[in-house]
Each structure stands twice: as structure tokens, then as C-alpha cells.
Amino acid sequence: MSFMASGEFDKMGKPGDVLTAANRDMVDSPSAYVKLFDMMLDPASAALVQHCTAGKDRTGLGSALMLLTLGVPKESVMQDFLLSNKYREAYNKAAVDAMVKQFNLTDENAIEVIKALMDVRPEYINAAFDEMAKKYGSIQGFLEKGLGLSKDEQAKLKRMYLE
4 MSFMASGEFD KMGKPGDVLT AANRDMVDSP SAYVKLFDMM LDPASAALVQ HCTAGKDRTG
64 LGSALMLLTL GVPKESVMQD FLLSNKYREA YNKAAVDAMV KQFNLTDENA IEVIKALMDV
124 RPEYINAAFD EMAKKYGSIQ GFLEKGLGLS KDEQAKLKRM YLE
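Counting along the sequence shown from 1, when you hit position 17 you're at 20 in this note's numbering, and nothing is skipped either side.
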């Protein structure tokens, strides 16, 4: 995203395109999620903190995968994912305002692109879920084949993290 540093927001496409593509790409680079589940399976690390730069995209997908593995319905996972907008609202507004000022932006599409980068949207995480279905048949297929998380390991996680 070097265009952000240069202020060339017009090269970012439509609002939401960047993070939709990024979420799709996360399916092809699962090593961080493999490590996350390996740590979750280790009883010595039952309490974990996961994070990324903004704590909403890569972390959001990681949290979604954890919840789905534990049997939380996809609709509830989506509601949880979208809570980032509520809790990041003030930060997002300040960040957008700062970038608009820093780059002297007046183009409404560029401003909408920046807002889209700060938000979480259903289409972002759904892009990852769709990519999992396309490449692995389902989210469950991704857990098993993409992350190497066996059904026995998934059952162990449920025993470890659910009462």
C-alpha cells in the first residue's frame, strides 16, 4: 500500500476494494493462523493475546476462525466482527480527518476509500469465507486442509475453551 504513503488514493480503486482483496489473500497465507491454533492447542498458553497493526482485519479473521472452530454460529461471528466499527468509531474518525488534512484531500471518492480502510464491513470477511469455500469447499475444509486442524484437534479446542 505504498500509494497511501504517497497520497495516491485514486490508485486504490473503489472504496472497500483493498480490504476485500486483502481478506481473500489471507486465505493463501495462513501461517499466522496455523501458529495461532498451535498456540491455542497448547495447554500452557490457554490465555492468548492476538493482534495486528489495526487489530481488525487479520485479527478479526483470526478471531472469527477461533469462534467458528468452537461452534459459534456464523451470524454471531459476523455480529462480533462488526463490533470493531463501534469500538473504533472515534479512532477511525480522527484517523480519517488526519489523513484528509495531511494529504489535503477534497476528492470524495478518495475520502470514501480512506473510510473504507478504517472500517470493517461484512464484504471484507465474507471475501475470505468465499475464498475458503472456493479453494477448500467450505470454512471447515479450510480449517482442516488449509490450517491442518484435524477434527480431533477441533474437538480438543472445544474441550479446552468451552464449559
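One should not assume that every hint holds.
[Unchecked claim] Dumping the calculated SDA-like pairs for lysine to any residue here, alpha-carbon to alpha-carbon at most 20 Å: (1) Lys38 <-> Lys17; (2) Lys89 <-> Gln105; (3) Lys154 <-> Val75; (4) Lys154 <-> Val37; (5) Lys77 <-> Lys17; (6) Lys17 <-> Val99; (7) Lys138 <-> Asp28; (8) Lys17 <-> Lys89; (9) Lys118 <-> Lys138.
Simulated from the structure, these hints should not be mistaken for laboratory data.
Inset, instruction - Compare the structure with the hints numbered earlier in the document and write down the numbers of the violated ones, lowest to highest. - result: 1, 2, 5, 8 and 9
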